[in-house]
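S.K.: We have chain A; now place chain B with the ligand onto it with these hints.
So you can see what is in the structure, the chains are spelled out below.
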Amino acid sequence: MTETPIRGPRVGLFATCLMNVFRPNVGFSAAKLLEDAGCTVEVPANQTCCGQPGYNSGDYEAARALARQVIETFENYDYIVGPSGSCMATIRHDYPVLFQDDPVWLPRAQALSVKSWELLSFLADVLGATTSDAHYDGTVTYHDSCSGLRGLGIKGQPRTLLGEVDGLKLKEMEDSEVCCGFGGTFCIKYPEISEKMVEDKVRNILATGADTVVGGDLGCLMNIAGRLKRINAPVKVFHTAEVLAGLADGPGLAGAAKESD
Amino acid sequence: MEIRSKEFKERAVFAIHDASLQQALGKARGGFVGKRAQQAAELPEFEQLREEAKNTKNHILDNLDHYLERYEAAVTAAGGHVHWARDAKEARKIILDICKRVDAKTVTKGKSMVSEEIGLNEALIEHGMEVVETDLGEYIIQLAHEPPSHIIAPAVHKTKDQVSDLFEAAHGGPRKTEVADLVNEARRVLRDKYFRADVGITGGNFLVAETGSSIIVTNEGNGDLTQTLAKVHIVTSGIERVVPTLDDATLFLRLLARSATGQETETYTTISTGPRRADDIDGPEEYHVVLVDNGRSKMLGGRFKDMLRCIRCGACMNHCPVYGAVGGHAYGWVYPGPMGSVLTPLIKGLDNAYDLPNACTLNGRCASVCPVKIPLPDLLRELRHMQHQQDITPAMQRRALKVWRYIATRPKLYHALEQVGARFLSAIAKDGSIRRLPLASGWTDVRDLPAPAGRTFLELWQGKRGQK
Ligand code: SF4
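As they're listed, the protein sequences go chains A and B. Read in the working numbering, the first sequence has 158 at position 158, and its numbers run on one by one without any break. Read in the working numbering, the second sequence has 692 at position 431, and its numbers run on one by one without any break.
Chain A with its partners taken away, still in its complex shape (with noise of 0.2 angstroms):
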C-alpha cells in the first residue's frame, strides 16, 4: 500500500510588479519558503498588478478593473500570498470597499480578502511558523512598512522569524514605524519631501550601526535602498524573504553584482 501524501495548501503567489521587475530573488525566496512550509506554489501567468496605483490616485473603475483581474486569476487557490504588505493590503481591505455596491463582484472581493496574505504574516499566523533554518552574518535593522504594519497587523512576525536565523543579530533603529517616504508615486510627485522623509529614515537606518536593512516591501526598499546608494553608505538592503529564505547572499537592493547567467 502506498501511503498519499497529506497535501498542503495551493498557494497562487501574487508577483508584484516591483518584484517582478527589479528583484525576482524576492519571488524565489517567497516559493521557497512556502515550499518549505509544505505549500504547493504556483504562480499564474495571467497576473499583472493589484490595482492600487489607480486606486491611490483616485482612479477607482481603473482599479476595479485590476481588481477584477487578480480576482478571476487567484480566486481558484486555497490562497493569495504575496510578499508585500501593500498589495496584499489592497486585496484584503480595498477590494471589499471597490466592490461595496456591486452584488456579483462584492462576494468574490469579500472570498478573496479572507483568504488573501501577506506572506510574513501567511507563514508566521497562518501556518504557524516559529524557526528558521537559514544563516546570515550580519547586523540587520528592520523598516515596519505602513501598509503592512498598520493594514495589516504585521510587526511581530518578521521580528520573531529573523531572530532565529542564525548568526543573524536584530538591531532597533528609531522610528522604524515612521514611513520612508515612499508612498507610490507621491515619491515622485513630490521628491523634495519624499527626500526629506527618507533622509530621516535613512539617518535611523545609520545610526543603528547595522550592516544590513531589511522589510516587507520593495517600494520602501528601493527607496531606502535608492537613497543609501546616492550616498554612499556601505549598508545592504534585502527583502525579508530573501534572508529568511537563505538567498541574500548577493549585494542586495541597488549593489553592485548582475544577473550571473
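Read the hints as simulated data drawn from the structure, not as lab findings. Cβ atoms here follow ideal geometry from the backbone N, Cα and C, with glycine treated the same way. There may be inaccurate statements among the hints.
Unchecked claim - One-sided and incomplete, this derived list gives chain B residues near chain A with beta-carbon spacing under 10 angstroms:
1) 585
2) 623
3) 661
4) 696
5) 717
6) 720
M.R.: Positioned in the frame of chain A, the structure of chain B with the ligand alone reads:
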C-alpha cells in the same frame, strides 16, 4: 485668511530648506509623539475610550439637530444668546455687530481655530479695534504677523531665538533668552490688556447640550481671564462641537489632553454657563455663542461625515511625516496636516487645494492615533477620487492612468513591456543602480534607482518551472 494652498509645493520646498523651521519642527515632533505614546500606554482603557468616543460622536452627528436645539434652549435659559452663522461672512458680521454695539475698543482672544477659519482678526482690526491674542503661541505669531502653523501649538514653527527677537522688538529690551523670562514678559504685557478688554472671544472645545455650557481647555489659564474679565464673552465654535452631557464631555476630555500634548489633563479646564449671575463674584455681563456652519452641514450628509468627529487635538499632524517635514504653513490655510488636508478642500474647494489630499503617502499613522478614529487616509483618497471625477487631476496624470489601465489589463502586453523595461534598466545600470533617468527624475534627483537583474521573475519562473 486668504487661502494659499495652491502654492503648497513651493511653500513645502521653501520650508524644507528653512533651517530654523526644521530645528523647531524636529524638537516638537519628538516631544509630542513620545508623550502621547506614554499616556496611551499608561491608560489601559485608552483604546476602548477611542472606540467609545467614535461611537458617541457618530451618535451626536446622527442627531445633531436635536442636540443643537437642546443646547440653544439651555444657553438661552442660562441667560446667554446663540447665533447661527451659515458661513464665515455671517459669522464675522454677527461678532462685529456685537463688538460695535458695546463700542469695543480692545478685544482679547483665547485660542480659537474657528476664529482663524472665519478670518475674524482682520475684520475686527479693520473696524478699528485692538485685537490681542492671549494664548502665548498665538501672541507670538500675532507679533510675527503670521498665521498659526499648528492647531494646538500655533507657534511651534518658531525657535526660542526667534521669539526672543520678536519680544525684544515689541516690548523693548533687555532681550530675554530664558523661556521662563519670556513667558513672564508676555504675562506682564497681557495682564493689562485683560483688564482693558471690552470683549473676550474664545473657542469652545465642547458645547454641552444638557447645561448650555461651553468648555475650554488651556495650559496657560489665558482663556479664563479672557472670558471672565471682559464685559462681553463671545464663544465661536463649529456646529459639530456639541456633546449631549457633561459626562460625555469628560470622555472627550480624557482623550483630548493625552492625544494633543501627552498630558493626563490640560492645566485648566473651564466650564462657562451663561453670563454673570447676580451672586457671582465675576464673569461677563453678556454671553454669546456663535455657531458656525461654514460647510459642515454639507459634510454631514456625505462621505466626509467622519471628519466631523474631529476634536482638534492635533495628534494627526504631530504624527504625520509630511507635516513633520514641511510644517504647517505649507498647507496654505488655517488647518494643516492630515485633518487640514481633508478639511481645506472641503471648505475652500477641491480645486483650490489640489495638492493637499495628494501630498500624502497614505501611511496611516494619523488614523492610528486619532482619538476619534477618523479614517484620514481613506478620506484623503476619497478626495483624490472626487478630483479625478471632476477633472481637477492634472491631464498628464489622467492620461498616464489610462495608458496604465490599458496595459495592465492585458497581461501579455504588460509582461512584454516589463521585460523590455527590466532589460533596458539593467543595461544602463552601473554598479547595480541608475543615477539618472530623464523620465523619472522625480526619483533619480534624490536617490539612485536600484537596477533590475535583467529578466523578470515571471520569465525566470516559467523557465525553471514551466508553469502556467
Ligand atoms: S483628525 Fe483626529 S487626530 Fe487629527 S486633530 Fe482631529 S481628532 Fe485629532
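S.K.: Work down the list of hints and note, for each, if the structure agrees.
M.R.: Verification of the hints:
This hint holds: residue 585(B) has a C-beta 8 angstroms from the nearest C-beta of chain A, less than the 10 angstroms allowed. With its C-beta approaching chain A no nearer than about 6 angstroms, residue 623(B) sits inside the 10 angstroms limit, and its interface hint holds. With 10 angstroms as the threshold, the beta carbon of residue 661(B) comes within range of chain A, its nearest partner Cβ sitting at about 9 angstroms, so the hint holds. Here the hint on residue 696(B) is kept, as its CB sits about 8 angstroms from the closest CB of chain A, short of 10 angstroms.
For residue 717(B), the shortest C-beta to C-beta distance to chain A is roughly 5 angstroms, which falls under 10 angstroms, so the interface hint holds. With a cut of 10 angstroms, the hint placing residue 720(B) at the interface with chain A holds, because the nearest CB-to-CB distance is about 8 angstroms.
The structure shown violates none of the earlier numbered hints.
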